[in-house]
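Student: What follows is the residue order along each chain.
Number of protein chains: 2
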Amino acid sequence: MGHSRINLSCMRPTEKYIRDNLENFKDEICEFLRIPSISTSPEHLQEMRKASDWLKSKMEDSGLEAEIYETPGNPVVLGKSLKAGDSAPTVLVYGHYDVQPPEPLDLWISPPFEPEIRDGRLYARGASDDKGQLYLHLKAAEAFLKGADNLPVNLIVLAEGEEEVGSPNLLPFIEKHSEQLACDIVVISDTGMLAPGIPSVLCSLRGLAYFDVEVKGPSSDLHSGIYGGPVVNPALALAHILAGLQDSKGKVTIEGFYDDLLDWGPQVKKQINDLPFNQQELEEFIDADLCGGETEFSILERLWTRPTCEINGLNSGYTGDGAKTVLPSRAQAKVSFRLVPDQTPQRIDELFRKHVDKVTPRGVEVTIKQLHGGMPWRAQLSDQLTNAVNSALKKIFNKRAVVAGDGGSIPIVRDLENLLDSPVLLLGFSYPGCNLHAPNEWFPVESIENGIRTIAHLYQEISLMDEIC
Amino acid sequence: MGHSRINLSCMRPTEKYIRDNLENFKDEICEFLRIPSISTSPEHLQEMRKASDWLKSKMEDSGLEAEIYETPGNPVVLGKSLKAGDSAPTVLVYGHYDVQPPEPLDLWISPPFEPEIRDGRLYARGASDDKGQLYLHLKAAEAFLKGADNLPVNLIVLAEGEEEVGSPNLLPFIEKHSEQLACDIVVISDTGMLAPGIPSVLCSLRGLAYFDVEVKGPSSDLHSGIYGGPVVNPALALAHILAGLQDSKGKVTIEGFYDDLLDWGPQVKKQINDLPFNQQELEEFIDADLCGGETEFSILERLWTRPTCEINGLNSGYTGDGAKTVLPSRAQAKVSFRLVPDQTPQRIDELFRKHVDKVTPRGVEVTIKQLHGGMPWRAQLSDQLTNAVNSALKKIFNKRAVVAGDGGSIPIVRDLENLLDSPVLLLGFSYPGCNLHAPNEWFPVESIENGIRTIAHLYQEISLMDEIC
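Chains as they are written, first to last, in the numbering used here: chain A, 1358 to 1826; chain B, 1358 to 1826.
So that you can see chain A by itself, here it is in the shape it has in the complex (with noise of 0.2 Å):
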């Protein structure tokens, strides 16, 4: 608790900063959300040109020195403080200035690039993910390096403009700055809370193996009832062969698929299940009973802790309005699994290709490609640097953290852990429901300055991992 007191008072100049700041913070963000940094469409290039400039100057401003790094693609931005010196350690954030398109754009009350507050949320594309987050770790930095002059640990912000199509040349950046860019521990704040008000660590993510699987019929489509019989329907095919991926106890019927996967044991078990959950209240934000997969699992268990197979997408012949007697040349679908460490994409691969080989009819011929896979990842956090993130929490939040899983895949979090041989940090502040990737996205305004406090307390608790301030 000495401890605790010593390090509170470290950080008064740093907390008045951002008390007296939080005002101007809120007009910066909305001036970072205006920018229409769209990665995804070509059109939009300029408005990268803009949101990486804006970066570079805020990141100045904050203390920091930014530099703007061509790619192939959208420029990386790195902003760095190495003032700690040697003996301290040294964060990594990474973050992205790059959004999702808005489309629909009907289904939006404010326009998606005009900034707008109602209720305490304030919506823009890119608010949550990831232009409001990435924003909060500038004015951390800021908070110390113009309120008290000096930032506890050596911080580089590393910010890339493609998270959205991919990462296409992050990798190859990254490998080739890799001695810049060497850190002690990776922060992203890309994710949610649990709750409001609940401060949570996020310490897994599922895999993706997604697939596209084509059956092929007659080379053309044909009149249902002249040939109606003999002919063996790519469609009907394609629904034996979807259908029997799973049975009904939400099992995945493909030989070998549980075989890799490694037992969380009953204190992760207890941990999850003891988490504030409300189902009734998740089934009636995504209006559908949570009834599906395996039972026998908690329902946070089967979302984070438990692989799947959905079918994200099925084709076929004639979809019109109406009746149209057709017997389809082919029928396709979109499958892909949420994978669970230690499955891999690679090797469900090689058991999803041999199930289907095994449960073809006869009559048609499949291809399957995969178009996109990801490693599952489980935070490997030391006790120290778990007890310093809690610290961090507690002190904003004045509750115990809890760990959290998502069942999403972000596969660059699994790439920078191993590339940059530093346990990654999952520490985000946005709500359930805020729309990432979807009309009226929104994060919490109370989350800008929790946010900003916490992981100014973070890096302050970083920096007493190893020496007292």
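No wet-lab data here; the hints were simulated from the structure. Mixed in with the good hints, there may be bad ones.
Identical chains share a label here; the pair holds if one copy fits it or two copies do between them.
30 Å max Cα-Cα, derived DSSO-like pairs, lysine-lysine [unchecked claim]: (1) Lys1383 <-> Lys1627; (2) Lys1606 <-> Lys1627; (3) Lys1533 <-> Lys1383; (4) Lys1533 <-> Lys1437; (5) Lys1606 <-> Lys1681; (6) Lys1681 <-> Lys1711; (7) Lys1606 <-> Lys1415; (8) Lys1606 <-> Lys1756; (9) Lys1413 <-> Lys1440; (10) Lys1533 <-> Lys1440; (11) Lys1626 <-> Lys1608; (12) Lys1437 <-> Lys1415; (13) Lys1503 <-> Lys1756; (14) Lys1503 <-> Lys1440.
Please build the complex by placing chain B on the supplied structure of chain A, with the hints as guidance.
Tutor: Using the frame of chain A, we list chain B on its own:
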């Protein structure tokens, strides 16, 4: 044989007229085919009018009294010759002057409405279906009326302009004019021969029950990572429902599905299996192995005498390029059943709904709509009528006619039979592979002469059914 000789001698002027005018007939068919009488698109209303006017004027040229009847849609054209008198039988010919849209246009070798003869085939939209074949009846009548100054039967030619859009106004028209449409037999030439040179009478059609099946889950698409596991995937639920409709032996698994099937008897079975059918030829033509369905039945039995279940279309979630990790909110299929006597679309509707109800998993809702229904049909030809048809065919093709079936559905056949209380004779002259409803539709040039002559002899033979010429 004596009977046959008298008959032939009577036909001499008629036959001569056909011979002398054949080139002129070919030119006239092309004139008819040049009118783009596409009933499916409203922008061709004027062309529909042009086609009906053309038809009326040609009926008059042939010696029929012709009239155009307005309907809420495209007009009905009625041509008549009742000179044969009350003691002669009355033949009603049904045909249609509207055609399917020609798209995709780029697949046509010669433009769809610029008729062209290549390798003994007359290529044009409507050549087989049905303008080319309807025209044959006008010329057969003309050959009698102009070549011999008599027509041995009373003839009514009923031509509609909405067959390709489901004949919405035909049945009301027939009901309204039932007295003047009273007849002893209905003849339709809108089908084909089993193979070139093989005179065929089409004696069965399958019925149809066509459904739209929609599986609804969450009210909007969800992220398949964040929510995947406890949410029932509507596309996977649909796959289970569809796969459960047919077992691996090609049997429809809906309870009661086969209950109403009539036994066609060993004689029909033998007749069908004695037909000159070349499986390899058909497989090459449609580029598909004929290994599906109920393999304990022959290919032709499966095509003509057995009911089927087909998926005509599938649609769900994301189907574009690449990977989108969406858990779709809905999944849709077009599902249809071909029916055989005495199945009915009404009964199949009940059984299908009951079956789907039983297998639908919790967590999704299924909506089923029947979009289209048609009764199966088997010809009810008296021995006398059968003899008349066979005799006419034998004279032209010098071969015994075969009894063929067709796996498709022509609901109007059963409707005409019922409304006009007369047997329907399906006697068509196109060949397999003539690209009905597809690019490069064609009609065999030799079928122009063979068709007109066969029809003329048929009229003659029918007139002989009750008295000798």
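Student: State the violated hints by number, sorted upward, taking the hints as numbered earlier in the document.
Tutor: 1, 3, 7, 8
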